[in-house]
Every structure is written in C-alpha cells, then in structure tokens.
Amino acid sequence: SQTIHQWPATLVQPVGSPLSLECTVEGTSNPNLYWYRQAAGRGLQLLFYSVGIGQISSEVPQNLSASRPQDRQFILSSKKLLLSDSGFYLCAWSVPRRGRRDEQFFGPGTRLTVL
Amino acid sequence: DQQVKQNSPSLSVQEGRISILNCDYTNSMFDYFLWYKKYPAEGPTFLISISSIKDKNEDGRFTVFLNKSAKHLSLHIVPSQPGDSAVYFCAASAQGGSEKLVFGKGTKLTVNP
Chain X
35 SQTIHQWPAT LVQPVGSPLS LECTVEGTSN PNLYWYRQAA GRGLQLLFYS
85 VGIGQISSEV PQNLSASRPQ DRQFILSSKK LLLSDSGFYL CAWSVPRRGR
135 RDEQFFGPGT RLTVL
Chain Z
-7 DQQVKQNSPS LSVQEGRISI LNCDYTNSMF DYFLWYKKYP AEGPTFLISI
43 SSIKDKNEDG RFTVFLNKSA KHLSLHIVPS QPGDSAVYFC AASAQGGSEK
93 LVFGKGTKLT VNP
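Protein chains in written order, with our numbering: chain X, 35 to 149; chain Z, -7 to 105.
Since the hints were derived computationally from the structure, they do not count as laboratory data. Given the structure is predicted, the values throughout are model-derived calculations rather than measurements.
Sample of chain X residues facing chain Z (criterion: CB under 8 Å; computed from the structure): (1) Arg76; (2) Tyr83; (3) Leu124; (4) Gly141; (5) Gly143; (6) Arg145.
Glycine included, C-beta positions come from ideal geometry on N, C-alpha and C.
Let the sequences and hints guide you as you build the complete structure.
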C-alpha cells in the first residue's frame, strides 16, 4: 500500500531563517506531487506541483521554492522566511492515469510558525 | 477570485439526522469534484468524488449531488454520527489541468450526540 511521509510535524522558525520541508511517498512510482498551504481561516492553496523529477510548476509567486530530486521525494524550501509564511503545509500525491481522474492523497502536514 | 466557494463556515446537526454541506463553483471548465474530510492537525482524507457526466454518486452514508446548470454541489451524510465532526472541503479540477485541485475554504461540521 502507498504511504506518504512529511517531516517535521511542527516547526517554529524566526523571520529571515531558511526552511526545508521534506515529503516522501512509498509504494507508487512516478506520482504527481503537490505542496499546499492552509493559512489561518483559509482553504487549501496549491503552491507547487510536479509531474516528474526536476519538473516543478509554481502556482503562486512567493519566496518559497520546491524541488524534486528523486521520483518520490518533494522538498519545499525558502531562503528567508516571512511572517506570512506561517501555516499548515501539506504534501499530496496522485497517480496520473489515462482517461481517468483520481483523488489526491495527503500527508499528515507540517505546522510552521514564523515568529 | 474564489473559484470554489463554501459559504457556510460551520454547521451543527444532531446525531442521526442528515447533514447537508454545500459548495458552489464559478469556473465552467471544472468537470471533476471531490469532497475531503479533515481533522485538526491532520491531512485531508478523500471521501467521495463525482464526474460532471453524473448528477449523483453514493458511497455508504455519503452522497454527492451535482447540479451543473447551477454550478452547485452538495454532500449529504445520512445518518450523521459524532465521528463525522470535522472540516469538510470541496475541491474541483478541470480536464487537462494536471489534476490540480482548487479547494473551498471548508465547512466545519459538528454532530452533537
């Protein structure tokens, strides 16, 4: 069966510090991978998605970046965090299938607080 | 511009009764819709989906209805149970959109024993 891991579960960082959140998926090959953020009082906002190694699409301009160094690894980074980067970060995966739409499966999330 | 709207931030129902969660969308290119359930400090879990070629999909206690002309969908939970208490997100995607999902802000459902 497939599983998705995210770490850390919680993180408190000062403004201006760097960030690295990691997500790995097990039990599937060549998944689509996604990073979402849920800010306080808001829905889930898609930040980045990737359809393959090294292929990253950005949905929202910001000071965050994403990388996919391996097929089942997705990393969210920042060189300098802002207060507005606080939120609940979720990684998700889906398996693209021709002629069929499938749901996305979410990881447990990382609660980031920038002080 | 919010393409997926859940206008009720919260809903409270009695155990055993029906819960109806509503969702409206504005993008006519959306053709696939999903409902997710989320507990605090956890990732959302998939509940049920519906393609635009259908107007109803049922899975146990959960039924999703789609009204394409009104650009409206709803999730019915019958009977509601206390364990259903969570935040419910409506999401939509468009064909050829790399399966990107657009989410609503969510509705917090509380089922009282």
